[in-house]
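Turn these sequences into a full structure, and let the hints guide you.
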Amino acid sequence: MTLCIHLHFTQLQLDSTFCASSEQPVIIVDANDNRIVQACGKARAQGISVGLGLGAAAALCRHLHVQPYDQLFEKNKLKEIAHSLYQVTSDISFVSHNSILLRVSNMLNLYQSLEAYWQCIQVVLKRLDVHYNYASGYSPLAAQLLAKNAANVISEDRHMLLHKVKSRALYESDLPHTISEQLTRVGVHTFEALLTISMAQLAKRFDAQLVHYVGRLLGQFKEPVNFYQPPECFSRYLELLFELDNIAWLSKPLHKLLLQLEDFLLSRDKVAYELEIELQQRDHVPLVLNVHAKAGEYRAVKWLTLSEFVLLNSQIASPVQGITLNAQRITERQKVCGDLFSQQQEASCAASLISTLQAKLGEEAIQGIQVYADHRPEKASGFIAPLHPCSSLIREPGLVRPTMLLAHPQPLLEEIQVQQGPERIATGWWDADPMIRDYFVAKDQAGRWLWVFRDPTQHWYIHGVFH
Amino acid sequence: MNDLIDLLQRQQLIWHGNEQVSDVERVSTGIEQFDEYLNGGLPKHGVIDIQASQGIGEVRVLLPYLKQQTGLTVFINPPGCVSGHGLFHLGFDTALILVINPKNELDALWSAEQCLKSGACSSVLLWQDRFAIHQIKRLQLAAEQGGALQFVMRSEASSHLSLPVSLCLQLAAHREGLEVVINKQKGSWSKARFVVTLKSYWPELYQPAKEDKVISLLEHRQQVSI
Chain V
1 MTLCIHLHFT QLQLDSTFCA SSEQPVIIVD ANDNRIVQAC GKARAQGISV
51 GLGLGAAAAL CRHLHVQPYD QLFEKNKLKE IAHSLYQVTS DISFVSHNSI
101 LLRVSNMLNL YQSLEAYWQC IQVVLKRLDV HYNYASGYSP LAAQLLAKNA
151 ANVISEDRHM LLHKVKSRAL YESDLPHTIS EQLTRVGVHT FEALLTISMA
201 QLAKRFDAQL VHYVGRLLGQ FKEPVNFYQP PECFSRYLEL LFELDNIAWL
251 SKPLHKLLLQ LEDFLLSRDK VAYELEIELQ QRDHVPLVLN VHAKAGEYRA
301 VKWLTLSEFV LLNSQIASPV QGITLNAQRI TERQKVCGDL FSQQQEASCA
351 ASLISTLQAK LGEEAIQGIQ VYADHRPEKA SGFIAPLHPC SSLIREPGLV
401 RPTMLLAHPQ PLLEEIQVQQ GPERIATGWW DADPMIRDYF VAKDQAGRWL
451 WVFRDPTQHW YIHGVFH
Chain A
1 MNDLIDLLQR QQLIWHGNEQ VSDVERVSTG IEQFDEYLNG GLPKHGVIDI
51 QASQGIGEVR VLLPYLKQQT GLTVFINPPG CVSGHGLFHL GFDTALILVI
101 NPKNELDALW SAEQCLKSGA CSSVLLWQDR FAIHQIKRLQ LAAEQGGALQ
151 FVMRSEASSH LSLPVSLCLQ LAAHREGLEV VINKQKGSWS KARFVVTLKS
201 YWPELYQPAK EDKVISLLEH RQQVSI
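As they're listed, the protein sequences go chains V and A.
For the first sequence, the UniProt record's numbering begins at 1 and goes up steadily by one.
For the second sequence, the UniProt record's numbering begins at 1 and goes up steadily by one.
Honestly, the hints are just simulated from the structure, not real lab data.
The C-beta atom is built at its ideal place from N, Cα and C for all residues, glycine as well.
Relax, there's no trap hidden among the hints.
Partial list, derived from the structure: chain V residues whose beta carbon lies under 8 angstroms from chain A: (1) L353; (2) A365; (3) Q367; (4) P377; (5) H388; (6) P389; (7) P402; (8) L405; (9) V441.
Below you can see the structure in the form of structure tokens.
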């Protein structure tokens, strides 16, 4: 028989809504019958419990924050939890919208003992910061029964687990109401009483459904289980409990998502080059921001600094209700072998510097330089994306060119002393941008070295400065 | 009196300023004469304040040093379009040149600090006139952290305040190159003003001026009549 662990997430929607800073007690109410399905710690301290009606809750506490229950949302969250758990365990199956079944037996070869395995699972769940009940069992149904009733027991001891199951009352199980009532009428109240009746007797006295249930509970009947395999991409959504209208406050909830990204990438030894942050705005189309890391990055801290720069440079039209984080361009991590004794450790990566600068100052503020084969000074060099490899043109050391050019030639208005020249540049007749100029190196009264030219109309201009 | 000084000296109770051995690591500027005056060259990392009016050759004097570098050279807020053409033919690898044009002074300082800290840059040139002392200190720390050299290019007029820099040079135009005054140098005494000849480094630029033989007709007649 295989050992299973059942995880039952008691307040998934509440845990995954961003409400860390909320002062108000929060409850989640099922819209169908107005009963409370989840309540936060502050609400419980006020005496509100799960199952209470909305009216009673409102009477207990005036400042309640009420959210409608959303089963689809919980399903998506559960999928995300499964993604995280998949890093440490392989056989995961969804039982319902808020519970997960883990098949343990196969994993024990890897983890040696159940304790070690459970510890790993707990670490993952702790990072996700969710509330859950758990139990192990030798059949999926037994584990489910114990977990739903908050047994919170992890053991390989068959007798102890069976004893735990036996101590449960029938109404605590998810047996159909008609069957449990039928059993109660004949004096069977607990599983202990039920399990003392032999299968043959059960089959004779009750219907096949109960026999099937008991068989599954004891692990005698095989139960088909579909195991889930998460896809290899990262996309997470975080709903904000409060609408945020200050873009600087978004970094806290964003960090939560980035930590999940870090887990995702780290466990696969991969890096992401681009993140797409989608901010869902009230009554407006979502604002999509792209954050780039030229060298590839997986660390949440680095992504957070880059994202903060991008966020600060952008404007939101209306308050933000939710954040979606998509990782684009995920590839294998390239190992950079640095000098162990060099002062400039790890960070000596020009690409990551450029990503940081571009995130804050904008893409166009950082430029590299490229040289082209042209005699016209305006076209001989230009600005391109940084870190572009140097051109393979032949260098002419004798060429006199200034260190800086003016954006546009300025008329020469002062007295100069020509030092050198002329150098005639007459070219460009083939591409409709012809140029005939005589260039001189000159010095002005203040001692500045200028690069001046005279055009065919005998007008003089300053074109560059030998800084 | 002399005996007393001798006695104190023998007991090592007197400290002479000029005996102090400088422990500042220096790196050559690429111009021998300049190195000599600077007691070995520029500091290996730190902030260098260069006060000069623009266009007299304040960048050209640094080019031999910049050319030796293997890391990035960053120009922040340059007073014109950095001419890749000129630098390329002087022997620069253009892939190592980065030009940043930030919107304001604070962004410029921020990007200088990021560049220095990153360890990917070997020198950062920042054109800005006004600095607060704490800003220079931050740049100094960042430069030490990343092992880079920060050049602060200021115009002469704005340089009233003494900044906590490693080296402060005041440059002025001169017929054969630049006239240099060391206002401040960490770990050594400043010397009197001196001239750095750039002639031999840019023979193409500093060609001997042609003799001015043109004279007015009147002068010519006067000369002939004599």
